[in-house]
Amino acid sequence: MTGFRVAGGGPVIPNFGHVNACLKHNGWFCTAWVHEHWGDTLQPALIQHIKLTVIAVGIGFVIAFLLALVGFRWRFLHAPIGALSDFLYALPSIALFELLLPVTGITTTTILIPLIAYTLFVLYRNIVAGLDGVSAEVLESARGMGLTRRQTFFKVELPLAVPAIMGGLRVVTVSTISIATVAAFLIHYGLGAPIFDALGQPDIFRTELVAASALAVLLALAADGLLAVLQRALTPWNRVR
Amino acid sequence: MLASLFIDAFRFIPDNAHLLLQKTLELAELSFTALGIAIVIALPLGLWLGHKHRGLFAALGVSSFGRALPSIALIGFFIAWLGVGFWNIEIALVVIGLPPLLTNTYFAVEGVDPDVVEAARGMGLTESQILRKVELPLGLPLIIAGARIAAVFVIATSTVAGIVGGSGLGEIIADQATYGLAGVFAAALCVSAVALLATWLLGFAERAAYRRMAPSA
Numbered sequence: 001m002t003g004f005r006v007a008g009g010g011p012v013i014p015n016f017g018h019v020n021a022c023l024k025h026n027g028w029f030c031t032a033w034v035h036e037h038w039g040d041t042l043q044p045a046l047i048q049h050i051k052l053t054v055i056a057v058g059i060g061f062v063i064a065f066l067l068a069l070v071g072f073r074w075r076f077l078h079a080p081i082g083a084l085s086d087f088l089y090a091l092p093s094i095a096l097f098e099l100l101l102p103v104t105g106i107t108t109t110t111i112l113i114p115l116i117a118y119t120l121f122v123l124y125r126n127i128v129a130g131l132d133g134v135s136a137e138v139l140e141s142a143r144g145m146g147l148t149r150r151q152t153f154f155k156v157e158l159p160l161a162v163p164a165i166m167g168g169l170r171v172v173t174v175s176t177i178s179i180a181t182v183a184a185f186l187i188h189y190g191l192g193a194p195i196f197d198a199l200g201q202p203d204i205f206r207t208e209l210v211a212a213s214a215l216a217v218l219l220a221l222a223a224d225g226l227l228a229v230l231q232r233a234l235t236p237w238n239r240v241r
Numbered sequence: 242m243l244a245s246l247f248i249d250a251f252r253f254i255p256d257n258a259h260l261l262l263q264k265t266l267e268l269a270e271l272s273f274t275a276l277g278i279a280i281v282i283a284l285p286l287g288l289w290l291g292h293k294h295r296g297l298f299a300a301l302g303v304s305s306f307g308r309a310l311p312s313i314a315l316i317g318f319f320i321a322w323l324g325v326g327f328w329n330i331e332i333a334l335v336v337i338g339l340p341p342l343l344t345n346t347y348f349a350v351e352g353v354d355p356d357v358v359e360a361a362r363g364m365g366l367t368e369s370q371i372l373r374k375v376e377l378p379l380g381l382p383l384i385i386a387g388a389r390i391a392a393v394f395v396i397a398t399s400t401v402a403g404i405v406g407g408s409g410l411g412e413i414i415a416d417q418a419t420y421g422l423a424g425v426f427a428a429a430l431c432v433s434a435v436a437l438l439a440t441w442l443l444g445f446a447e448r449a450a451y452r453r454m455a456p457s458a
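Taken in order, these protein sequences are the chains called A and B. Position one of the first sequence corresponds to residue 1 (my numbering), numbered consecutively onward. Position one of the second sequence corresponds to residue 242 (my numbering), numbered consecutively onward.
Mixed in with the good hints there might be a few duds.
[Unchecked claim] Here chain B is said to cover these stretches of chain A; the calculated rule only asks that three of the stretch's residues, wherever they fall, bring their Cβ under 8 Å from a Cβ of chain B:
{"#": "1", "stretch": "46-58"}
{"#": "2", "stretch": "92-101"}
{"#": "3", "stretch": "112-120"}
{"#": "4", "stretch": "165-176"}
{"#": "5", "stretch": "207-216"}
For the record, the hints were derived by calculation from the structure and aren't laboratory data. For glycine and all other residues, C-beta sits at the position ideal for the given N, C-alpha and C.
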């Protein structure tokens, strides 16, 4: 556990009797606390959270992409894969974390497996929808130009599916950042850790709650914006209009 | 180990049928009340803004901010502010459910072909008639899709509320010490059953609304 707690105030603390009025009244956002604990609480939690998100979305994307190729190529597998990802998505996240805890222990793996499972639901559907959305005329002209099946996939279908795929990635990244905070209920890691620390105080420690939540929101909005920029860069043809 | 967990969970369900049923009903009460309130707020607002083609930026902002807000942070905020209680968690759930409903309603009405609206206006329909008889039926599938997303969000979040003292199946899920892993798993299956049932019913309504709109297709 890191840092100073409001409830633990005693003579050991320097400046005792001189405690920040904002903290004393459990204010919503005491800049003094945020300044003091940025380095030992908030920043490490933010970095851990970014790591979780990048790894979960990265692995989830690879798995969803391979599944989408299978579901796209062999149509009869599409419905079962979709149903399985629906079922995974409907399971509550805390329950999944609790179920994995005895298997994988207090590790980031326990957080990552459910996060990856949740990404599949949206990513799989968006990738297949994107590939399906390529019109028959376009495919016909690709064939007319003498493109092989493989060339058609990589040079026509895949680039045209980029907007749908990137749309899915944006939704998934934002929701992964949100779900990852819940994992701290069991494993003290990421931005959920300060949130649960704050909720665990006898009188909820408002500044820590608001500061950590605000970081999670800002991280999600920044990631969304970054992916929007990447999407524009990947689809230059959409800009000429 | 996982196999025995499955067996234990399926044994837990009949042994604690009464408890699970009661908690499922509590979850349903909590979630569907929130969903109902969110619909009552979002529907008129989204319809009106969409009809006026106003507030595009606000609609987009609400939806991305709503998705970015972690549910535990939101619930924590309302509890820090108002204390634990049915209605305090209810407010947090309404806030979770609003964004998908509001944005979908907005874009459903906003996206109706302007030529169709113009034709209706030319036939002498008043603005409120256009909204009720043209834009609402045409936008209905997308509005119901928004309700489907909101239902899944709200049901998932109501289990998170169990951590901080909310009632319903979340109570069992967040209290592994009392109910054991089998109880947690059994409760999780009940939650997903409610969520899948809600998605399935609303998906059915969505397809029905779509068919009514385009009977030939």
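Hint by hint, which ones does the structure fall short of?
1, 3
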